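Q: Put together the whole structure using the sequences plus the hints.
4 protein chains.
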Amino acid sequence: MPNNKGLKIVVIGGGSSYTPELVEGFIRFHAELPIRELWLVDIEAGLHKLNTVGNLAKRMVERSGLSIDVYLTTDRRKAIEGADFISTQMRVGMLEARGRDETIPLKYGVIGQETTGPGGMMKALRTIPVLLDICRDIEELAPEAWLLNFTNPAGMVTEAILKYTNVRSIGLCNAPIGFIKQISKQYEVEPDRIYAEFVGLNHLHWITRVDVNGEDKLPEQLSDKDGFTASNVPQQAWDPRFLRSLGGVPSYYLKYFYMTDAMLADQQQSLLRDGNRAVVVKQVEDELFKLYEDPDLNEKPKQLEKRGGAFYSEAAVNLMKSLYNGTNDIQTLNVANRGIIDFLPDNACIEVNCVVTKNGPLPLPLTKVPTQVKGLIHAVKTYEQLAIEAAVTGNRDLALQAMTHHPLVPSVHVASQLLDEMLEANRAYLPLFFQD
Amino acid sequence: MPNNKGLKIVVIGGGSSYTPELVEGFIRFHAELPIRELWLVDIEAGLHKLNTVGNLAKRMVERSGLSIDVYLTTDRRKAIEGADFISTQMRVGMLEARGRDETIPLKYGVIGQETTGPGGMMKALRTIPVLLDICRDIEELAPEAWLLNFTNPAGMVTEAILKYTNVRSIGLCNAPIGFIKQISKQYEVEPDRIYAEFVGLNHLHWITRVDVNGEDKLPEQLSDKDGFTASNVPQQAWDPRFLRSLGGVPSYYLKYFYMTDAMLADQQQSLLRDGNRAVVVKQVEDELFKLYEDPDLNEKPKQLEKRGGAFYSEAAVNLMKSLYNGTNDIQTLNVANRGIIDFLPDNACIEVNCVVTKNGPLPLPLTKVPTQVKGLIHAVKTYEQLAIEAAVTGNRDLALQAMTHHPLVPSVHVASQLLDEMLEANRAYLPLFFQD
Amino acid sequence: MPNNKGLKIVVIGGGSSYTPELVEGFIRFHAELPIRELWLVDIEAGLHKLNTVGNLAKRMVERSGLSIDVYLTTDRRKAIEGADFISTQMRVGMLEARGRDETIPLKYGVIGQETTGPGGMMKALRTIPVLLDICRDIEELAPEAWLLNFTNPAGMVTEAILKYTNVRSIGLCNAPIGFIKQISKQYEVEPDRIYAEFVGLNHLHWITRVDVNGEDKLPEQLSDKDGFTASNVPQQAWDPRFLRSLGGVPSYYLKYFYMTDAMLADQQQSLLRDGNRAVVVKQVEDELFKLYEDPDLNEKPKQLEKRGGAFYSEAAVNLMKSLYNGTNDIQTLNVANRGIIDFLPDNACIEVNCVVTKNGPLPLPLTKVPTQVKGLIHAVKTYEQLAIEAAVTGNRDLALQAMTHHPLVPSVHVASQLLDEMLEANRAYLPLFFQD
Amino acid sequence: MPNNKGLKIVVIGGGSSYTPELVEGFIRFHAELPIRELWLVDIEAGLHKLNTVGNLAKRMVERSGLSIDVYLTTDRRKAIEGADFISTQMRVGMLEARGRDETIPLKYGVIGQETTGPGGMMKALRTIPVLLDICRDIEELAPEAWLLNFTNPAGMVTEAILKYTNVRSIGLCNAPIGFIKQISKQYEVEPDRIYAEFVGLNHLHWITRVDVNGEDKLPEQLSDKDGFTASNVPQQAWDPRFLRSLGGVPSYYLKYFYMTDAMLADQQQSLLRDGNRAVVVKQVEDELFKLYEDPDLNEKPKQLEKRGGAFYSEAAVNLMKSLYNGTNDIQTLNVANRGIIDFLPDNACIEVNCVVTKNGPLPLPLTKVPTQVKGLIHAVKTYEQLAIEAAVTGNRDLALQAMTHHPLVPSVHVASQLLDEMLEANRAYLPLFFQD
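Chains as they are written, first to last, in numbering that gives the first Met the number 0: chain A, 0 to 435; chain B, 0 to 435; chain C, 0 to 435; chain D, 0 to 435.
By construction, these hints were calculated from the structure, which means they are not laboratory data.
These numbers come from a predicted model, not from an experiment.
Hints may be right or wrong, so weigh each one.
[As the list claims (entries may be wrong)] Below are the SDA-like pairs computed for lysine to any residue, each with C-alpha atoms no more than 20 Å apart in a straight line: (1) B:299 to B:61; (2) C:180 to A:325; (3) D:4 to B:214; (4) A:180 to A:192.
A: As structure tokens, this is what we get:
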């Protein structure tokens, strides 16, 4: 952290409706994270949103009385130069692309989801080359910076960065912090009294230890059939005898894998009843931006909380604080495996508890990995590895291997048709797949 | 091999219609495998078949002029005592159980197959305790004997024996030898000019090297979309662009995983059109036994070849010969992993090329393991480990975990219903699951 | 920690001259470690010392005004029953045995040292069976207790406990905390601003990362040829070009391995000049006990600090505090390897940074293991494994293998003679080796 | 093997006195190894010897009546072009350098040996860069050729080639074949009835299985205290209780490690009594060359057998035959570890049983690795890795690390002095260490 006048922080995709969350966090924890410059960066097409949210950010800072300079720019390189922390939150192809990711698979009887399955794969193919491009700039202009990657599929994007660049990157998700908060509330203890062990990948983890004040609460958690469920995933109760013998509390994303039939039926019905979910999200966003435009608004509006990204800001600010101060506390992050999950390659990205030192996260060894979960972790990682390689090469055969080997895709035949249709639908965002 | 007067060989399930195949092999290779006693063992319920096939065996030996004594018995312990080689080929629950294994899953839209999926799992639950029981006798009465296990699911049964007994056991399948034969014919070379590397599990392998006279023929094999197909699996052509980028020639059983939809449709149609396949097999067997009863028949009848078990005899006799003589030749066998597939446990049973020394098979390291195949291997092995543990404990929760985690089973919901119905249907053969 | 009235702590070898150190720590940190009962245990032969030091302990507690009950006993089982923490500090054979450990090898031109080489091996052979015996009591009477083992050779003793008992044991040494203190002083920073990565075994580690406020100070440390040297090891300067390319700051015990000739010469000269060091230590102890007898003394005497065991108390109390409170801080401990040093077995005991959770230490992965250090670590661990097995079996052949394979022993010939003489000299303490 | 007119074989260091051995083998096995061209290559300084031995080779071929063309050349590139097999047998610095390798260490009380210890290290430093240079030519001119490396230290040279080039190289030693021959003679069985498992490195192996006709003869071998001893190593009997509990028959080179004192005394005495052994060898060679000059000599002279290189020719010709014909037989070779010894890196060169396929050797997994041997293997491999890196970089610090970490070198102090003197003595052959 060379900048002794304070930190330079860059938010790529700064025009996102989530940005006020982040800004609020930066203000609240300024004593521990002395930011001097905050750069919000976006692309030309997002300039209007950038200005709207950026001006709200400026008003929030002004109200706080802190001396943070807020910059709004489309000049990514200028923003990155000399940065201490860079965070990314972007959506290549915007909500329209998400809409296609979620609906095209449904036509083939396949789960339509924005971070896993064929939908998540398309998001990875669109996003990875853009992120790698940003990383080239970071390597040149801020080689010591930490890149906090929130961009989904966060595990795959982080793995691509780890494999193809020298950027110091960490993938982040709000699910782990959400679980801790819930347990903290349920048992009425401070979060630092809880030790929860996460095993698996981003959006594909099992929590195999839940110690509250040193006491094992896992059996209790596994007898709770409603389980831990985020609001953005349809409620489907777990089969009690399955849950109790699973060996770990499943991530809510695992319902796509373990209850594929019910989840698919629900998605198909939702689409018929409510239309494309991406359209709904679009409306929520439009309303938020309308609020943000109010020149008298100088704090994060309540409505943002309903948006679904709870704890994103907390996760990001916590990590920056710990890296900056070398607090050696434990956080659940997406980092290189390096032997932690002994059946995956060293350079696979996994979601795992880490001690956050000043020189980066050190993953903690896993004390229990139930037999049950190994095959599915490996099956999904196989898909991820193939899809990442397809994303950086534009190789259609690899893309077909990736999609066929995804556990949610039922056959080569379906994979082949889905792939052709989805690649075509994303043509504008997949230059590597449509070279002449 | 203590018996210097010649070898004692025991065939458990000796009343099988395949036995004349084996006997023919023993006669043909007597010079290299000097058998003195051949014991055919079966259960009371199979006594009639044992006598029928056993008397044919006696006539075949008589015709050969060799001094082999053939014994027919239901006294398993007497047969095992002091044996040098024991082979098993049994079907707990007989063809009726197979019929149920193949048809019940179809009602739930799941593949019905006798060695994999829910059907194969039921076969494992029925068979493993019986085999372990036999192994207790071998440990006591013939601790130095080699047990050649043909009983399906051969990989799972062998893994159970490796984990729970001290018997020297090797699992065997006719598929690898069949592949070598086909390549030998296609390129007009002797089998010993071919090096084919098998990666994976029993009935779940990919052939990742096909060297003919030292030349790499893999690309050629991967461009053959009809692929290598045994007669007992419906013909479904491979997608050419999938096949060429898969990295290995897939076992024909992989069609159940890669073309689940088409294979399922075919099974459902077959059932409607031709009825239960087990019934058809039953008719074929009945006809064979009618032939065997002919007191003038003293050789293996031609009709047996159509039965589908080509090369079983050759595989068994080859292995016995090599163990007996310590020939150090290479055979593809089912043995303990011990680090060969680096992401599976040491005690997992895998299908792999081995050098057959006098003291048993030494597996050869794999030179290529395509990323593509890792996830599926691990997913199926996860199911296998759970199912084996369920089989030896009679634990229904474990059985549910096993069935749910099988890649051919679409959800906990389906697994739960299928499990209950199939356990009930097999009640007579699953004492551990129906204890009071 | 079931005891809500406060903790029960047991010190086995409570009559040690170090005990006042421990008691002082317990008093100082009582707020974080609410001790209710302190049991000092010793054997009959040590009863006088136990009473002397125990009465001092009682006076110290009284002076503090805390309500801690101090018990002095030779009834080990009564002491252990229901304990929360047990620490051991014992010397089987007392200082006389140490004298022999340090002097007999010198006759053969071999390093005489109390924790490594032939001397350390004898200490291990004497001590391990006694510790395992204590562990049987703990398994029965306090199965949830944590055993903090300071008894040298601490790594080997802890490995024996991990391998042969179910006791939750952690090995401890004061060297790591001493290094941190020194760096803290040198750079004038708080200890929690330092991240030092320890690689290796107890008394055989290299420090491969020294981050002070996140800055890499390793090159600076490796250019300091006088290095870090404890007062109880003769000063021998490191060769500067060797040190700078070694990849880690060597433990001072490594001088026995890297400067064997000079260290041996020094030991031989010392013996001639000053006599047996154990005798000197004995005198220091006698003087300490004379001080302890003073009924007006009610605090730790200054003279104890010169004794050489600096930081022992701090290490012990820190660890108990962190286990009790689940502070998740980082401490350097001796625990089971479980994959951290990838070339050693999972059940080897290593010295490594750990996060101390309420349920025990989780070792942190190593970020750098220089090629240079691997062979020596493995060579010493090989000796340790063989010696531990010899200690629990009393097998002389294993003992010979252990001694011959110790890197400080030059040949089978020397090992054989040394072993015979040293076993005989320790006959009274090695019942397993002298059975009829 | 593209050359359908017959094979082109190149012997680098063709002027060696061993060459007639090789030529005799080529003639004897011509039916299985149809050589068409034999190129003997040497450097200018060796031209006279090349012509002498080369003309003998021509007379031997002529006598055989085979149509093999023998070429004598100093044009290495011309020789290599299009070669099928290349073997190397060279001595950079000739016998004079060997003399220094063997005698300088003795002055410091360190073993002087041409393939291990400081002497072997100097040989490695001189040799590796020359071999890598040859490999550049092979990569360009004969990329499909097999390089059989006999040049000592064969394990280290082969590891350097595996790490720094793409040449298909195999290291070879005559010790394993010698052991098999001895067992074959002792038990009066054919070599193919013996399975001996070699564990370790070149000149540092233990034989942990000796099966003769499937029977375990290891205990018998371990009770033979005179052991297996080659004529070029002084006879020192093994300690019987050490040998019987070692877990494997030690290579005779292990006497340098296990009986360092006696071996050193013997070397020092020999030097005083007989003078430099390299001088003796030189005389033997001179006499051989005098014989070779005889224009009437057209077969290998009996005297060559006394020279000490028994079975070199057999080892080389066996390997070429098996590679050419793809015989899948088992030979003990020096190849990349790739997981076989689980504590060494994948790219370490080990000595191990291999199945020799047409596409190269496949190492066989080890069935027993005694704890005893692990530390020493790792310690020596650590030295080897460091020395190889020193050889290719000319880095003196690395060279000091390598020498200090060699188990035969007693301290940094000795290593430092020895290194300086030996580097200086080899200045002419170490351009990388003496750059300006």
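Q: Are the hints correct? Go through all of them and say.
A: Hints, verified against the model:
Annotation: proposed proximity of residue 299 (chain B) to residue 61 (chain B) holds, straight-line Cα distance about 13 Å (limit 20 Å). Taking the CA atoms of residue 180 (chain C) and residue 325 (chain A), the gap is near 18 Å; set against the 20 Å cutoff, the hint holds. Distance restraint check for residue 4 (chain D) and residue 214 (chain B): the Cα-Cα separation of roughly 18 Å lies within the 20 Å cut-off, and the hinted pair is therefore satisfied. Pair hint residue 180 (chain A) plus residue 192 (chain A) holds up; C-alpha atoms about 11 Å apart against a cutoff of 20 Å.
Going down the numbered hints, you'll see the structure goes against none, and every one checks out.
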